[in-house]
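As given, the protein sequences belong to chains A and B, one line each in that order.
For the first sequence, this note's numbering assigns the number 1 to the initial residue and increments by one for each residue that follows.
For the second sequence, this note's numbering assigns the number 1 to the initial residue and increments by one for each residue that follows.
Quick caveat, the hints were computed from the structure, so don't treat them as lab data.
All figures in this text were calculated on a predicted structure; none of them were measured in a lab.
Mixed in with the good hints, there may be bad ones.
The list that follows gives simulated cross-link-like pairs (lysine-lysine, DSS-like), each with its CA atoms no further than 27 Å apart [stated by the list, open to error]: (1) A/K49 - B/K257; (2) A/K307 - A/K554; (3) B/K241 - A/K49.
Output of the computed footprint for chain A on chain B, the stretches with three or more beta carbons under 8 Å from beta carbons of chain A [unchecked claim]: (4) 178-191; (5) 211-222; (6) 239-252.
Glycine included, every Cβ here is placed at the ideal spot set by N, Cα and C.
Listed here are the chains, written in short residue letters.
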Amino acid sequence: MQFGALAFSTPWLLIALIALPILWLLLRAVPPAPIRRMFPGVILLLGLKDDENQSDKTPWWLLLLRSLMIGALILAFAGPVLNPQQKRAGSGPLLILLDGTWADAQAWSARLDRVGALLDEAGQSGRPVNVTLLTDPPQAITFRSADSWASGLAGFTPKSWTIPREKDWITSAETGFDTYWLSDGLARDDRMDTLNALETRGTVTVFEGGVPPVALTAVRYSDGGVLIDVIRLAVGSAQEITLSGYGLDPQGQERVLVRGTANFAAGENQFEVKMVLPAELRNRITRFQIDGVRSAGAVTLTDDALKRREVALIAGRDDREGLELLAPLHYLRKALAPTADLLEVPLNDALLSNPDVIIMADVAKIPETQALEQWVNDGGMLVRFAGPRLAASDVARDAIDPLMPVRLRQGGRNIGGAMSWGEPKSLRPFAKTSPFYGLPEYPEVTVSAQVVAQPDPELSSRSIATLADGTPLVTRKALGQGQVILFHVTANAEWSTLPLSGLFVQMLERLAITTRATTPSEADLSGTVWAVEHMLDGFGDLGNGDNIAGVSGKVLADVLSTGAATAQVPPGIYATDDRRIALNVLKADAELKSTAWPVRIRVEGLSVLPEVKFMGWLLLGAMVLLMLDVIASLLLSGRLRGGMATAMSVLIFSVFSIPDAAKAQDDIRAIEATAEVVMAYVLTGDTTQDNLSAAGLRGLGDNLFRRTSIEPATAIGVDLETDELAFYPLIYWPIVATQKMPSNAAYIKLNSYLRTGGMILFDTRDADIGGFGAATAEGRQLQRFAAPLDIPALEPLPEDHVLTRSFYLLQDFPGRYQGRDIWVEASPPVADAAEGMPFRNLNDGVTPVVIGGNDWAAAWATDQAGNWMLPVGRGFAGERQREIALRFGVNLMMYVLTGNYKSDQVHVPALLDRLGQ
Amino acid sequence: MNQESLEKKVQTRAAGATLASTLPPLLAAAEKLAATAQMGEHGRRRTGLGDEFWQYRPAQSGDSRRHIDWRRSARGDVHFVQEKEWKAAQSVLFWVDTAQSMGFSGAKERGTKRDRAQVLGLALASLLIDGGERVALDGLDGPPRSGRAHMLRIAEAMLVQHSADYGAPQMTRLPSGAQAVFLSDFLGDWDTILRTLSRAADQGVKGILGQILDPIEEVFPFDGRTVFESMGNQIRHETLKAGGLRDRYLERLAARKDALRELAARTGWQYHCHHTDQSAQSTLLWFYSALRRGR
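Bound conformation, chain A alone (with noise of 0.2 Å):
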């Protein structure tokens, strides 16, 4: 039986409700049960009659009180369910199909639990079953247990690239089989045939629904603006949708550095965004992703087109006014502005703007040498350009010069002119080791001037093209992370006729210095072999490309005109020398349809609505009800009196009274904290540290106690979150993996407190700090939880620090462990050493922070008797190093307390001159 999505398992228990009004005027007519009164005075009550034939009315409320009651209980056991799952019906094997794709990834875990509700119920028929991706098919179908399948489900993940076409594997399959396909609702060309492939096989339900996809494509520069295109499925309703530019800050953290957002008017699917932002800020930009929505559609990845390089371009001459065409940097700017910034400034203040490019074109003597080189060293790329000016002077003529890549020849050399002999020589096809291989060969690019390079073993190597009598026309060689090129012709086109042709913006192309400003052709990366440096899984997460081969640049030149990624070819970065090409689910015009099914096939929506049993609630209610119903029968026949009635209010009232009680107990804790010096201990959430950290402290204060003038009370327990740190001279921090990062209220809190002398003891009790490593997961958990902090930069302990004589001489630091260094703030670079002393003159500054991964508190930890919790060591070994590690904490308390002191030794000398006198 059910009434709209209730349904009830045993529904005829129902006819039990007729019987509520019967039961209605029961409890009227049947008395309550009467209570026996010892009374003297019964004896003057005999003969009395009751005015009314009927007891005491039960009250009306108290009667509906029972009324439902029974009817929760009769409602209970009818066994009321909610969505009850509807048998499916059919038998043999089944195939449990999902799209995969980026659009499923939104609702992945929903299909995951649609896929897992259908493997139930094949189960319960027992019924084979295969779970398959369409974008991961498997080479044959085989059919197992409905189990087996569900307990590897959460193994299947979305795929960032498009379905293969592929469909043998339907085809071949030995046996007949149903399909429930879990589509992504979106429109392919090649849907219909798959739906045919399977249909022949037996029936196809599809479910279909979930979140309605929304996608970016390909970004786009124009105008000095990015734009990028937000596509979505439904077109229904308006819609906002937000999207952000991430990219690395100077800090080298990855940030939202832009942000846009898409308004969708009602039946609009498409949105072209438009953000301007600074050059700067634009080359960093690495991805654009849809906020809040985790799939590979949502995220646009960028490369070269988006960056503009920043090309500073140096002219040797600009005697010849007016001739325009002349000009050495005519064709470079006319080549390089479309795609690149260009900066005409003087050298010295273009090095100041740290640009990506400086081509000089014809510049023999550079006066800022050193400085140029400083920049080419760091990563610049230096062009150079010959001309009549270089090859008059004498750069690079005897030694190598490191700005020029080869040694040069006197003179340079006129091919093919009218006082030469010879032909113009035009170009040899480039060499697999050039980065220009594969691009086509332009027969009309002939060269007749060119400054020739001196012969040297590395001069076949620094040959990146030749001319086609092997000499050089352009040679390359690395400068520490830069790199030096020269051209050995002119930017312009008095000694060839390269800068005419297209291969001149396809070279500068190829090195790097334009980027292109649309999807590469298949000329354009013919010879290339690119290598995955990022791979974007189907959430949308980039993931290490590693596992990747290398993909030749026609097949990735394929792909990026296809739009159609694969399993071989993954959308993500993919890299080249210097050149970075994004591939991206959608290409820049992709668009989304919703799938029309033909009307043979059944469509189910994709929401399992879960079954909700409502008996145990109802039994629950009815219980409830049953205790009112106590309280309120005995109300009314006067037996709630005296003691429960004060119990209950007592109840009731302490309810309300517990908030006072905590302030009172934040003040307990404040006086407690400061009446005495009282050290504290991190609260890990993890029992058997946090009193370990007790135990440890409680043997350090012991011994304090016992050896110096500090007298410690019992060490406090500080909750990052809610304690105020102020009190305590010190903290004890054991890291623990499991610990929570603290909030950024509690960070605030300590480092206002490492700000204003506090000092923190970072322990890992792992022994390993000395690789400060990310080695152990509590190593990586200090670097995570230390982060935040306001610490300053840190050094290995020297030897001459406070804390190795605070007040025992120590050179060694050890806990429980005899690990390596500890680290502490550094020590100011100009300290020398002061005269007669063995340290040096260092009397300022507490370190706020010590870390080390010793595990000090369980070398300290001792039981409320005395005796010490945990062995250390082995032997008389053991205990002088439990000695030690007792004596690190007595210098470190008293480091922390009387700070830097015992540094002031160092004018012990000058104090008993002055005494002398």
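Guided by the hints, dock chain B onto chain A, whose structure is given.
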């Protein structure tokens, strides 16, 4: 006698003694002394046995020479004999109801009615004995006596509980002209009470009717379906709506009290109603003055 009842006895006597210690010894009013031959403190205005001087009379023959008052006789020639005033003791008869109904207490912090009756009775008896009167307890054999030893016997006899639901005085010995103190809730059978009092009036016995009630009995704070049972479970009354009976119960109680008061007035007795939540002291004072006044 087991440990508990021993304690009870000691406690009750102590309470009675404490209560009594606040008042001077009591000499009960005696208009007409009980015809007893016992010496007491009530002068009979005639010669007889006693300690007090009454009159001189000339010695007659037959008078023992020992009786001649030589000091008076020396003033004259006639021999005088000193006659003493005949002094007799008043007898006060106590009935302290110890039936089951007296074991009722409406609240934990209050004692039972029986406790209160016993304390009041003992205090009065103790005061009377101190005043030289003779005291008897209904149900205790023997004539009225005085003296501390008798006091102990009375205290012991008072603690004997009756199994009857409601008590009534037996009054096997009712010396005429004596005083009587009846302490009970007087909820029992009216006829018995009426008969006893009539008989007492016939004998010329006067006294006090002390009705002791629990406040609960005066208020009847019950509601709902209730089965009321007498303390001995012999009588029960079920009602569906106890609240509805309240008014009629209170009417009946008032009627009973009025009847008692009227009966007392007719027979020359005095009636007083005491509630267990009141101070025993004030009631004792009332009893004290009532007994001394004799009316």
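Within 8 Å of chain A (C-beta), three or more residues of the segment 211-222 of chain B: holds (count 6)
Hinted pair, alpha-carbon criterion (27 Å max): B/K241, A/K49. Please report holds or violated. 10 Å, holds
Proposed proximity, A/K554 with A/K307 (alpha carbon, max 27 Å): 23 Å, holds
For the pair we were handed, A/K49 and B/K257, check the Cα-Cα distance against 27 Å. 22 Å, holds
Taking 8 Å as the C-beta cutoff, is the stated coverage of the segment 178-191 of chain B by chain A satisfied by three or more residues? holds (count 3)
Do at least three Cβ atoms from the segment 239-252 of chain B come closer than 8 Å to Cβ atoms of chain A? Check passed, 9 qualifying residues.
Hint compliance for this structure: no hint is broken.
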